[in-house]
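Enquirer: Each chain, letter by letter, is given below.
2 protein chains.
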Amino acid sequence: MNPFIEMLKSHRSIRKFTDEPIAPELFEELVRAGQAAATSSFLQGSTIVRITDAGKRARIAELAGNQPYVANAAEFMIFCADLKRAGNWCREYGKPFEGDYTEHFIIATVDAALMAQSMVCAAESAGLGICYIGGIRNNPGQVGELLELPKGVYPVFGLCLGYPAQDPEVKPRLPLSVILKQERYHEEGDREAIAAYDEAVREYYATRSGGGHGISWSEQVSVLLSEKSRPHMRDFLAGRGFTFK
Amino acid sequence: MNPFIEMLKSHRSIRKFTDEPIAPELFEELVRAGQAAATSSFLQGSTIVRITDAGKRARIAELAGNQPYVANAAEFMIFCADLKRAGNWCREYGKPFEGDYTEHFIIATVDAALMAQSMVCAAESAGLGICYIGGIRNNPGQVGELLELPKGVYPVFGLCLGYPAQDPEVKPRLPLSVILKQERYHEEGDREAIAAYDEAVREYYATRSGGGHGISWSEQVSVLLSEKSRPHMRDFLAGRGFTFK
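Keeping their order, the protein sequence lines are chains Z and R.
Sequential numbering from -4 applies to the first sequence in our numbering.
Sequential numbering from -4 applies to the second sequence in our numbering.
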């Protein structure tokens, strides 16, 4: 197997970074690598807002649920789904703007994710560590104000980049048989496979250097889906022009 | 710059593939590379349905808007956002299921995209070509039936993988100044930068081996956002349990 695939398979989030800055030339190359990712219908519906201002960083760290690495990683940026940049041209060319359909939301959100993940793969290949920050959706309105996001643009997630100051274990993933199906979706054998996986996850928490709550995967995700997760998102998005028509 | 970053920057979709199959060991490694990507709250909210049946492939190629490479690429799979697998455990542990919030939709959709893009980066590093197939959302209901997708699972996009039988030019991307902002979102200088970019895109279509319509970026995206794009998506998703609460 090539070393790059081995590197991808060993991904883990990094939450402690050294003070070493990322060379501007490298940072630019990482963004260009992200930009080269596929984009639906050539929309390029994503904008990165890079935050270097310490005060802004500290405020966002707080809004994201007190995640200190948002403030102290070498680089922190927010990936936004952006339908405004393209939408501007509807008016420009005298066309009606209809870019508030569920499909447009999907396209722009997926564009932001594909761009970010190619940038992440590039960053890790350069020896950097990364951590996605979904926590910015805890307070998307305040984050949006800080970033002066206009209508048609929403913050999907943040991303911390920097040189790792920790070397955490790789977190085990679901068995291949559970996430990869042949010809059709089915759940045959999943219950047994997930039971064994739950044990592996408990073991991971019991033995990893960072310690942890030792809760199995199935217990963790059952909590996530039994909660009204970020119930403010629909109204926030509607206010930004994402109305899921 | 490392060769992997150079490779990422030279990405282009491949729509003509050789007959060479992908070795099963390599295919499995690619899926594992995708699986290792970050996943929000450890949800792992994505399931891949790999289609090898020729009849099913031909039918999906048709449903996706007659894209022959869906039928003849070495591998074709559909990435699904999956809240069912995790949701099963709410019932199992006697918890209410609340996984139908907009936030849950975002998490699962982004999970599918991150997984796919890491798999794509791995595939390209192994000399494979790829093409995303958003066209499966033209007829998501029929695609879902073919794949026997249950409630809580929706097909986000398809992906063709295979050894390239063509070498298309890299499609130019928006200037960095347009998609990367510092500290705050703004559009200063974008109009001029996009005008120059529009010329580059016209030039790309005029000179590329595949020919093309020669329409600028701003014209293309103004069409996309002036159309009621896949207006069936909201009702389709609602019927699958994604109700954007």
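Since the hints were derived computationally from the structure, they do not count as laboratory data.
Please note: incorrect hints may appear among the correct ones.
A pair counts as met if it fits within one copy or between any two copies, since identical chains are not told apart.
Straight-line Cα separation of at most 30 Å, BS3-like style, residue types lysine-lysine; simulated pairs [stated by the list, open to error]:
#1 K223 with K240
#2 K223 with K90
#3 K146 with K11
#4 K51 with K90
#5 K90 with K11
#6 K166 with K4
#7 K146 with K223
#8 K11 with K240
#9 K146 with K166
#10 K240 with K4
#11 K240 with K146
#12 K90 with K4
#13 K4 with K223
#14 K166 with K90
Enquirer: With 30 Å as the alpha-carbon cut-off, assign the pair K240 and K4 to within, between, both or neither.
Expert: Neither: 38 Å inside a copy, 35 Å across copies.
Enquirer: Given identical chains, is K90 near K4, meaning Cα to Cα at most 30 Å, within a copy, between copies, both, or neither?
Expert: For K90 and K4, neither the intra-copy (46 Å) nor the inter-copy (33 Å) Cα distance is at most 30 Å.
Enquirer: State whether the alpha carbon distance between K240 and K146 is at most 30 Å within one copy, between copies, both, or neither.
Expert: For K240 and K146, both the intra-copy (16 Å) and inter-copy (21 Å) Cα distances are at most 30 Å.
Enquirer: Within, between, both or neither: how does the pair K90, K11 come out at a Cα-Cα threshold of 30 Å?
Expert: neither (49 Å within a copy, 35 Å between copies)
Enquirer: Is it within, between, both or neither when you check K166 against K90 at 30 Å Cα-Cα?
Expert: between (49 Å within a copy, 26 Å between copies)
Enquirer: If the cut is 30 Å between Cα atoms, do K223 and K90 qualify within a copy, between copies, both or neither?
Expert: This pair counts as between: shortest inter-copy Cα distance 12 Å, intra-copy 38 Å.
Enquirer: Go through the copies and call it for K4 and K223: within, between, both or neither, with a Cα cutoff of 30 Å.
Expert: Classified as neither; 32 Å inside a copy, 40 Å across copies.
Enquirer: How would you label the pair K223, K240 (within, between, both, or neither) given a Cα cut-off of 30 Å?
Expert: Classified as both: same-chain Cα gap 22 Å, cross-chain 9 Å, threshold 30 Å.
Enquirer: Tell me, please, which holds for K11 and K240 at an alpha-carbon limit of 30 Å: within, between, both or neither?
Expert: Close neither inside one copy (41 Å) nor across copies (35 Å); limit 30 Å.
Enquirer: Is it within, between, both or neither when you check K146 against K11 at 30 Å Cα-Cα?
Expert: neither (34 Å within a copy, 39 Å between copies)
Enquirer: I want to check one pair: K166 and K4. Are their C-alpha atoms no more than 30 Å apart within a copy, between two copies, both, or neither?
Expert: Close inside one copy (10 Å) and across copies (29 Å); limit 30 Å.
Enquirer: At most 30 Å between C-alpha atoms: does K146 with K223 qualify within a copy, between copies, both, or neither?
Expert: Close inside one copy (25 Å) and across copies (19 Å); limit 30 Å.
In the structure shown, a violation is registered for the earlier hints numbered 3, 4, 5, 8, 10, 12 and 13, in ascending order.
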